[in-house]
Amino acid sequence: MEASSISSTLFNQLNFRGERQKVISSNIANINTPNYKTKDLVFQDELNNALFNNSLQLKQTNSKHLSTVDPLSNNTNPKLVNVQGLEEQNDGNNVNLDSQMSEQAKNKIIFDAIQSSIKRDSRLFRSVVESSAKN
19 MEASSISSTL FNQLNFRGER QKVISSNIAN INTPNYKTKD LVFQDELNNA
69 LFNNSLQLKQ TNSKHLSTVD PLSNNTNPKL VNVQGLEEQN DGNNVNLDSQ
119 MSEQAKNKII FDAIQSSIKR DSRLFRSVVE SSAKN
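Following the working numbering, the numbering of the sequence shown begins with 19 at its first residue and continues without gaps.
Wrong hints could be hidden among the right ones.
[Said to hold, decoys possible] Straight line, CA to CA, 35 Å or less: simulated DSBU-like cross-link-like pairs of lysine-lysine: (1) LYS152 with LYS137; (2) LYS124 with LYS137; (3) LYS55 with LYS124; (4) LYS57 with LYS40; (5) LYS57 with LYS152; (6) LYS97 with LYS126.
[To be verified] Pairwise CB distance ranges, derived in the manner of DEER restraints: (7) LYS97 with GLU148: 16 to 24 Å; (8) ASN50 with ARG144: 43 to 51 Å; (9) GLU148 with ILE49: 46 to 54 Å; (10) ARG138 with LYS57: 26 to 34 Å; (11) GLU37 with MET119: 17 to 25 Å; (12) LEU32 with VAL101: 20 to 28 Å; (13) ARG144 with MET119: 33 to 41 Å; (14) ILE49 with SER140: 33 to 41 Å; (15) ILE46 with SER140: 28 to 36 Å; (16) SER134 with LEU104: 28 to 36 Å; (17) GLY36 with PHE143: 17 to 25 Å.
To be clear, the hints were calculated from the coordinates, so they are not data collected in a lab. Note that this is a predicted model, so its numbers are computed, not measured. For every residue, glycine included, the Cβ atom is placed at its ideal position computed from N, Cα and C.
Produce the complete structure using the sequences and hints provided.
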């Protein structure tokens, strides 16, 4: 049972952020590996493709409800890609430690915010269940 309709989206984003953290950590770990190319998980491009192809449809289940976007899991799975256009070192490696550390910090902030949202959503669900049990 989900706390709300947004729960699955939050958990999907939490998983995405966890996987992205692994990719960033791998980039940092390979900073001295000759010919290693920086990798990234691409989600935004897949979302843009879904929007361009008009495969995201609004769905309203009741005339009194607000419309929401259908889950994106079928069309927007993140893909692991080599980052293009980065400056290479003499050994062919293109990992930039400063940019990877910055991405890691940004990813952690977003991860923490999603985690906080999940906790808040769960507390709200719990309070609804507890108040309904009193009646």
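Of the numbered hints stated earlier in the document, which are not met by this structure?
Failing hints, ascending: 5, 7.
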